[in-house]
Amino acid sequence: MIAIKLAIRNLLGAGLRTWLSVIVLSITFILILLIHGFLEGWNRQAMHDMKEWEIGGGQYWHTEYDPHDPFTLEDSHRDIPSLFMGQANKGNYCPVLISQATIYPQGRMRSIIMKGIDPDQELLELPTSLLKGDFEEIPVIIGTAMARATKLAKGDITTLRWRDVNGTFDAAEIVVAGIFKTNVPTVDASQIWMSIVTMQELVSMNNEGTLIVISPEITNPHPVPGWEFKDTDSLLSAIISTIKTKTIGSSFIYIVFLALGLLAVFDTQVLSIFRRQKEIGTYVALGMTRKQVVGIFTVEGAMHSILAVLLGALWGIPLLAWLSKTGFGMPLSADEFGLAMAERIYPAYGIGLIMITLLLIVITTTIVSYLPSRRISKMNPTEAIRGKIQ
Amino acid sequence: MDNSKIINISGLVKQFPMGNNNFTALHNINLAFIKGEFCGVVGPSGSGKTTLLNIIGLLDNPTSGNADVLGHNANDLSVKEAAMIRRKHMGFIFQTFNLLPVYTVFENIEFPLLLLKMSKNERDKAVMDALEWVGLTDKVKSKPAQLSGGECQRVAIARAMVKRPDLVLADEPTANLDAEHSHNILQTMEKLNRELQTTFLFATHDEKVIQYLRRKITLDDGTVAGDITTSK
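Sequence order for the protein chains is R and B.
FYI, in this note's numbering the residues of the first sequence are 1 to 390.
FYI, in this note's numbering the residues of the second sequence are 391 to 622.
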């Protein structure tokens, strides 16, 4: 208790030196919260959007299906089990058929993925009801990224060429029935969506699918022969690991700030011990043990972090609260970035993040304060009393 | 140990390493001090006064010989035990005052009582008593930088006396003071010595201090060259 009382008195008495270190540490504290909060907010939004637009409550994949290898599409289709068909109307399952194709917007050839989906599905946010209109050509919907890349607009007609299950090429006219805006590039980039029944007819894969999206309400999916169930965690693993990588990358920014803050504290401590030798000698003469004096200086240094947290709370809480309401406008859109990312990201700060950050600041500052303070225990008190530099 | 003797030094030698050799600061010192003495170790610079005071203050150890201080042999004490004895039974007054700059006068005087873990009420009363002894009740909230040299030394005396120690060690307490302030603080210390029976031991070569001493021990080149007691 004495060490804390004395440390507070000494710190406040040191004036500007204290506050410079405290300000740098408080900026570090808030910066860490902000960066992590931003990434956590992005993570949450990305996962939410991906569930809403693409993966639902999990997916059954054809055992051959590999989304990263388009050549697997040729073999990754089979009859949709009656279990999925029966439930489809209830909104629990949504089969998707996937195949390669080519379109010719403005006469340019472009390889795409065509996906068939039930126009009546309600599991995903995709506006598939637009596919139900009365069109002479095959109605498709595309995302804004695809529209921008192909320069296609709503109502435009272009040629679609595909190979059926036997490898035979065929072609037909498609019309863009709608353009949807999404934060999930994996349902947008180089893709067209059409009715699954239409697509099954085009590729001669009647009643076949490549994957089945299931409702989040199905908590215990059954194993189905020939289909491999992928839960949301495994389907989101790519984005989770990408954001984790970004978190590590972003950590460098605050590590630099933290290092600056700690350097300021270390410098203050070294300077204090150098300049306050007479004071150290006086403490010893008045009956403090050297260990206690080391304690005072260590607590004094560590108190920088406590003051930094208090100061950070003073200016940081309003800032963080405001940012969590207004969010960050992102300069890149999701399709340019290649990852699910909203136009505005709203930072999310958990109590765990705050506590871990607080502990990180306090522990590192205490260590940095203790290191130079150890020197006190080696000082000769009779020389320290006279202020002789040791 | 004789009950009235609070310090008993016998055959004390103190050497400091100097290059490959040792420098002997104190040669075979034999001295005893009784409770309530107002005495001083006098002599020119380098005669060993401060070294002797540091050993008596348990801030340094003898190279050989014995120094029994307040019933404890300095050679047998750990650093922590020595600190405890200083904390409870000793007060220090330094040439350069050694006040803690960020503390007020009140807090400086209160400091030794905080180490003794006294209650706030007890501390407040003791500090105010000490301030009255030295006549600084109007400077309670001042910081050392706002005081004159004489006032700083009076705060240092109050800090040394506030816990009513058995022994006060004063190393050149008037070296940084003018004549008027020197006499003023010496009168204060003499008064406290008489009223509280606290033993005062000075290290000084200042004639102004020497004239107040009732016992004068002269050190010359690390040896006791004289030990004169006068009746005042």
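These are calculated hints, taken from the structure and not from any lab test.
Built from N, CA and C at the ideal position, the CB exists for glycine as well.
A hint or two may mislead.
[As the list claims (entries may be wrong)] Far from chain R by the CB rule (all over 12 Å, computed), these chain B residues:
#, residue
1, Asn418
2, Lys425
3, His462
4, Ser468
5, Asn488
6, Gly539
7, Glu597
[Said to hold, decoys possible] Quick list of the computed label-pair ranges, beta carbon to beta carbon:
#, chain 1, residue 1, chain 2, residue 2, range
8, B, Lys531, R, Thr247, 26 to 34 Å
9, R, Ser324, B, Leu506, 45 to 53 Å
10, B, Ser532, R, Lys291, 29 to 37 Å
11, R, Phe274, B, Ile600, 17 to 25 Å
12, R, Ala321, B, Ser538, 33 to 41 Å
13, R, Lys246, B, Ser532, 18 to 26 Å
Hint-by-hint comparison with the structure:
no., hint, result
1, Asn418, "21 Å, holds"
2, Lys425, "20 Å, holds"
3, His462, "14 Å, holds"
4, Ser468, "10 Å, violated"
5, Asn488, "4 Å, violated"
6, Gly539, "16 Å, holds"
7, Glu597, "23 Å, holds"
8, B:Lys531 - R:Thr247: 26 to 34 Å, "51 Å, violated"
9, R:Ser324 - B:Leu506: 45 to 53 Å, "51 Å, holds"
10, B:Ser532 - R:Lys291: 29 to 37 Å, "32 Å, holds"
11, R:Phe274 - B:Ile600: 17 to 25 Å, "36 Å, violated"
12, R:Ala321 - B:Ser538: 33 to 41 Å, "52 Å, violated"
13, R:Lys246 - B:Ser532: 18 to 26 Å, "56 Å, violated"
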